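Asker: Here are the chains, one letter per residue:
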Amino acid sequence: MLDIRNLTKRFGSFEAVTNVSISAPDGAFLVLLGPSGCGKTTLLRMLAGLELPSAGQIVFDGQTVSDGDRDWSVDPAKRNSGLVFQSYALWPHMSVRGNVEWPLKVMSMPKADRAARVREVLELLDIAPLADRYPNEISGGQQQRVAIARTIAPKPSVLLFDEPLSNLDAKLRVEMRTELMRLHRATGATTVYVTHDQIEAMTMATHVAVMNEGRVQQFGPPADLVDHPATAFVATFVGTPPKNVVPVVRNGAGYRVGGRHMTLSAPADHCLAMFRAENMTLSDREGGMTLPMELVETTAIAGRTMVTGLRDGLRLTAIVDRAPTARIGDTVQFRLPPEPDSWFGPDGERIG
Amino acid sequence: MADTAVSRQGRRVFFRQGTVLKVAVLVILIALIVLPLLRTVLFTLHPDTIQAWADVLSGRLSTNLFYKPLGNTLLIGVVVATGCVLLGGFLAWLVVMTDVPFRKTIGVMATLPFMIPSFAAALAWGALFRNDRVGGQVGWLQGMGLDIPDWLAWGMVPTLIVLTLHYFSLAFTIIAAALATVNSDLVEAAQIAGAKGRRILMGIILPVTTPALVAAGSLCFAGAVSNFATPALLGLPVRMQTLSTRLFGMIEVGQVGRGYVIGILLVLISAAFLWAGNRIVSGRRSYATITGKGGRAKRFDLRGARWPLFAIAMVILLASTVVPVAVLTASSLAPSSANLFSDWTLHYWIGQSNPSFAQGIPGIAYNQDIVRALTITLGLGLAVAFTGMFVGLLASYTTARYRAGWMSAAITQISFLPLLVPGIAFGAAYIAYLGAPIGPFPALYGTFALLVIAATAYLLPFSVQTGRAVIQQVGGELEESARITGAGFARRLAAITVPLAIRGLAAGGILIFVKIVRDLSLVVLLFTPTMPVLSVVAYRYASEGFAQFANAITVVILFISIAATLIASRLQTKSQPWLQN
Numbered sequence: 001m002l003d004i005r006n007l008t009k010r011f012g013s014f015e016a017v018t019n020v021s022i023s024a025p026d027g028a029f030l031v032l033l034g035p036s037g038c039g040k041t042t043l044l045r046m047l048a049g050l051e052l053p054s055a056g057q058i059v060f061d062g063q064t065v066s067d068g069d070r071d072w073s074v075d076p077a078k079r080n081s082g083l084v085f086q087s088y089a090l091w092p093h094m095s096v097r098g099n100v101e102w103p104l105k106v107m108s109m110p111k112a113d114r115a116a117r118v119r120e121v122l123e124l125l126d127i128a129p130l131a132d133r134y135p136n137e138i139s140g141g142q143q144q145r146v147a148i149a150r151t152i153a154p155k156p157s158v159l160l161f162d163e164p165l166s167n168l169d170a171k172l173r174v175e176m177r178t179e180l181m182r183l184h185r186a187t188g189a190t191t192v193y194v195t196h197d198q199i200e201a202m203t204m205a206t207h208v209a210v211m212n213e214g215r216v217q218q219f220g221p222p223a224d225l226v227d228h229p230a231t232a233f234v235a236t237f238v239g240t241p242p243k244n245v246v247p248v249v250r251n252g253a254g255y256r257v258g259g260r261h262m263t264l265s266a267p268a269d270h271c272l273a274m275f276r277a278e279n280m281t282l283s284d285r286e287g288g289m290t291l292p293m294e295l296v297e298t299t300a301i302a303g304r305t306m307v308t309g310l311r312d313g314l315r316l317t318a319i320v321d322r323a324p325t326a327r328i329g330d331t332v333q334f335r336l337p338p339e340p341d342s343w344f345g346p347d348g349e350r351i352g
Numbered sequence: 001m002a003d004t005a006v007s008r009q010g011r012r013v014f015f016r017q018g019t020v021l022k023v024a025v026l027v028i029l030i031a032l033i034v035l036p037l038l039r040t041v042l043f044t045l046h047p048d049t050i051q052a053w054a055d056v057l058s059g060r061l062s063t064n065l066f067y068k069p070l071g072n073t074l075l076i077g078v079v080v081a082t083g084c085v086l087l088g089g090f091l092a093w094l095v096v097m098t099d100v101p102f103r104k105t106i107g108v109m110a111t112l113p114f115m116i117p118s119f120a121a122a123l124a125w126g127a128l129f130r131n132d133r134v135g136g137q138v139g140w141l142q143g144m145g146l147d148i149p150d151w152l153a154w155g156m157v158p159t160l161i162v163l164t165l166h167y168f169s170l171a172f173t174i175i176a177a178a179l180a181t182v183n184s185d186l187v188e189a190a191q192i193a194g195a196k197g198r199r200i201l202m203g204i205i206l207p208v209t210t211p212a213l214v215a216a217g218s219l220c221f222a223g224a225v226s227n228f229a230t231p232a233l234l235g236l237p238v239r240m241q242t243l244s245t246r247l248f249g250m251i252e253v254g255q256v257g258r259g260y261v262i263g264i265l266l267v268l269i270s271a272a273f274l275w276a277g278n279r280i281v282s283g284r285r286s287y288a289t290i291t292g293k294g295g296r297a298k299r300f301d302l303r304g305a306r307w308p309l310f311a312i313a314m315v316i317l318l319a320s321t322v323v324p325v326a327v328l329t330a331s332s333l334a335p336s337s338a339n340l341f342s343d344w345t346l347h348y349w350i351g352q353s354n355p356s357f358a359q360g361i362p363g364i365a366y367n368q369d370i371v372r373a374l375t376i377t378l379g380l381g382l383a384v385a386f387t388g389m390f391v392g393l394l395a396s397y398t399t400a401r402y403r404a405g406w407m408s409a410a411i412t413q414i415s416f417l418p419l420l421v422p423g424i425a426f427g428a429a430y431i432a433y434l435g436a437p438i439g440p441f442p443a444l445y446g447t448f449a450l451l452v453i454a455a456t457a458y459l460l461p462f463s464v465q466t467g468r469a470v471i472q473q474v475g476g477e478l479e480e481s482a483r484i485t486g487a488g489f490a491r492r493l494a495a496i497t498v499p500l501a502i503r504g505l506a507a508g509g510i511l512i513f514v515k516i517v518r519d520l521s522l523v524v525l526l527f528t529p530t531m532p533v534l535s536v537v538a539y540r541y542a543s544e545g546f547a548q549f550a551n552a553i554t555v556v557i558l559f560i561s562i563a564a565t566l567i568a569s570r571l572q573t574k575s576q577p578w579l580q581n
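Chains as they are written, first to last, in full-length UniProt numbering: chain A, 1 to 352; chain B, 1 to 581.
The reader is advised that the hints may include incorrect statements.
[As the list claims (entries may be wrong)] Where chain B lies over chain A, by a calculated footprint (3+ residues, C-beta under 8 Å):
hint : stretch
1    : 82-88
2    : 91-98
3    : 227-241
4    : 314-325
FYI, nobody ran anything at the bench for these hints, they're computed from the structure.
Quick caveat, the model's predicted, so the values are computed rather than measured.
Glycine included, every Cβ here is placed at the ideal spot set by N, Cα and C.
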């Protein structure tokens with residue numbers, strides 16, 4: 001059980017993490033997802049014990065390991081957790097074997113056990129043949145595996161990852177994703193994983209916390225975030241393609257929607273309407289629910305076509321069966337469904 | 001959930017992370033740097049000595065005490081700074097931007113003059129250009145029958161030339177580094193836009209490198225106005241005074257108050273120029289040029305001017321490196337500097353005492369004073385290398401690890417403060433600070449400890465800079481990942497930090513060693529007959545007319561400096577086995 005209660009971290013007057021409360025069961029794969037600067041890495045460093053919270057508690061398995069209210073902290077090494085750094089932080093003067101073995105030496109594990117455990121994790125990660133190489137003699141993907149092997153060798157009950165795949169190329173990233181999930185099943189360790197890539201979050205997580213500006217926007221299983229986004233931020237940040245959020249303002253009897261007057265019933269005078277890409281269509285003619293947009297992108301996806309239009313800073317994406325005949329730069333009519341999928345207030349909070 | 005069990009292994013964090021370390025470092029820095037300076041200022045404000053301010057600034061003697069030396073000092077600063085930027089900039093342009101022959105050789109030679117102590121060049125000048133104006137031996141050129149005029153033998157002109165030939169390599173290093181960041185793309189983009197040679201130089205290269213030019217100029221200015229050895233050796237015999245020689249003279253004759261006032265004014269002048277230079281540079285937007293793709297595709301084609309420009313560069317470089325070293329070596333072997341290259345003898349090196357030779361002074365190998373000075377100098381160099389790297393590493397680690405807060409900012413500012421203080425003024429401050437007993441602590445004047453403490457403080461900007469480079473190599477996640485395994489501080493140090501940092505530390509230590517071994521301006525006031533150091537002994541011999549001994553000692557200093565520098569650069573460039581690809 002990993003329990004984070006009302007956690008806050010301030011650097012001087014700047015609040016990096018604000019009142020975060022999350023709780024995940026043993027064996028969970030928790031992903032902290034958000035844009036850069038949202039406080040997710042600070043949160044992870046507090047979990048690792050590298051930073052002391054300004055307020056709030058962190059509890060691993062019923063044991064408080066950090067308490068910002070009482071300035072209490074358990075040493076990073078004594079939390080039974082392991083951290084994989086974004087830069088891997090492999091010690092350049094030690095061989096692959098040396099890197100994996102050193103933490104065990106520090107734990108004063110007997111020599112024979114140590115050798116056995118090193119062999120075991122190197123084989124688990126498929127890097128046994130590289131044992132005597134130095135970090136600069138192996139590829140980035142292999143370095144990543146060494147960093148993971150080093151972290152799991154002492155069998156931590158909580159595994160922490162700080163954007164571990166961001167330095168790898170696209171193909172390797174997909175492979176390592178699968179590898180990490182296999183590893184998660186094999187070790188059973190509760191895992192906390194920081195990323196800005198929502199695809200990684202959606203594919204790997206059992207629980208996702210979407211963060212923005214230091215706050216948790218929504219916490220739940222991945223499918224929930226896609227099906228029931230709690231805020232407009234989550235709606236636009238999560239999902240492939242992301243959902244469309246259009247500002248709606250009362251205009252006489254009807255409403256002004258993305259620059260055109262439409263007749264629909266909105267719950268408030270100022271609000272945001274969310275439309276899923278799969279519910280949008282393209283139209284040949286102007287109609288009651290159409291918006292003229294400049295065509296900026298078309299992408300073929302699994303037999304269908306993703307079409308993106310842009311006008312006055314508003315970006316709309318539709319998934320349609322047939323590619324439009326218009327060319328990039330032409331004006332096309334995006335047709336909105338009669339009822340939006342969700343409503344959000346002007347502050348981004350869900351309405352109704 | 002109710003209050004959970006508080007973990008067995010937790011501990012209370014009494015202070016914010018790093019507070020203890022920051023306080024400790026700040027206390028050390030204040031004791032080393034702030035207190036001596038403060039105590040000097042307070043000394044001059046004491047009712048008994050406050051009169052010194054009036055004497056220096058407005059009294060009957062003020063013209064001779066202050067204003068004439070000030071004029072000389074400013075003239076030296078301006079001319080030398082201008083000359084250095086021109087010479088250094090010219091050489092940097094040749095090496096970095098053009099296809100001049102032997103570019104690499106020029107580049108290496110241009111960094112050498114700064115490694116030769118400025119008193120070596122001044123002594124060499126004397127051996128060549130001395131005339132009979134102040135008596136004693138004449139130089140080689142006079143001995144050859146040439147009539148060397150006074151203005152070329154003594155005073156302002158030789159001082160300007162010697163200092164320019166010394167400091168230009170500082171300007172070269174800075175400007176060359178800046179030019180090297182001017183990506184060839186920038187120049188090629190200008191060429192495609194239709195600009196030609198002069199237009200590219202004025203429109204692209206100069207504006208991009210202006211910050212470096214200003215920085216080089218202000219550093220050379222600060223160096224030149226605070227230099228003691230050159231004006232003392234070439235100017236004092238004809239009563240040309242600068243602020244630093246005036247300060248030295250005042251303290252030597254016991255007018256300590258006036259000396260300190262002159263020292264404070266010297267600090268203010270040199271600091272004002274450095275600050276102004278910094279202001280000009282930081283007031284404008286910085287042109288951080290994008291790094292990444294290296295390699296200069298095309299060099300400026302000098303065509304017919306290649307060899308003539310190469311010849312000019314070599315004349316400058318030979319005059320500032322090979323000539324002084326050769327002249328000093330020859331002079332340490334020749335009984336008369338008028339005949340530098342004849343009747344050579346090893347007496348000044350290994351001769352026994354002989355009443356008919358140099359007033360019975362034995363060669364430096366048998367001269368007890370000099371051997372003792374050599375031991376003390378080497379001991380001082382080693383001690384300062386250790387203490388300097390220790391404090392420097394501590395300060396840079398603290399500021400790198402705990403960047404936030406006013407204490408870190410204060411640590412950075414204070415550790416670079418000695419840059420603004422000329423060596424001789426810093427020496428004077430340390431006499432004011434530790435020359436008399438403080439509470440239970442005895443006076444340290446004349447002790448080895450005083451030399452070590454003062455030199456550590458004086459070289460702190462340099463050791464902090466070196467420490468910072470080392471920390472960057474090791475720091476951050478590499479150390480944190482070791483912390484997470486549970487390794488204690490000592491264990492992390494032994495297994496991770498030291499193996500990774502040892503070469504950088506050793507190289508930094510050696511460079512500090514070199515700096516202190518060839519320093520004259522700091523130690524010239526802290527020197528006592530019981531605690532002699534080589535550079536001061538050489539200076540004394542030179543001013544008493546025993547040029548051969550002075551030159552022989554200087555050759556020894558040069559030899560130690562060059563050998564240590566070579567070892568350091570080997571350590572720095574020799575790649576570590578695990579970094580080889």
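Asker: Taking each numbered hint in turn, which are not upheld by the structure, reported in ascending numerical order?
Answerer: 3, 4
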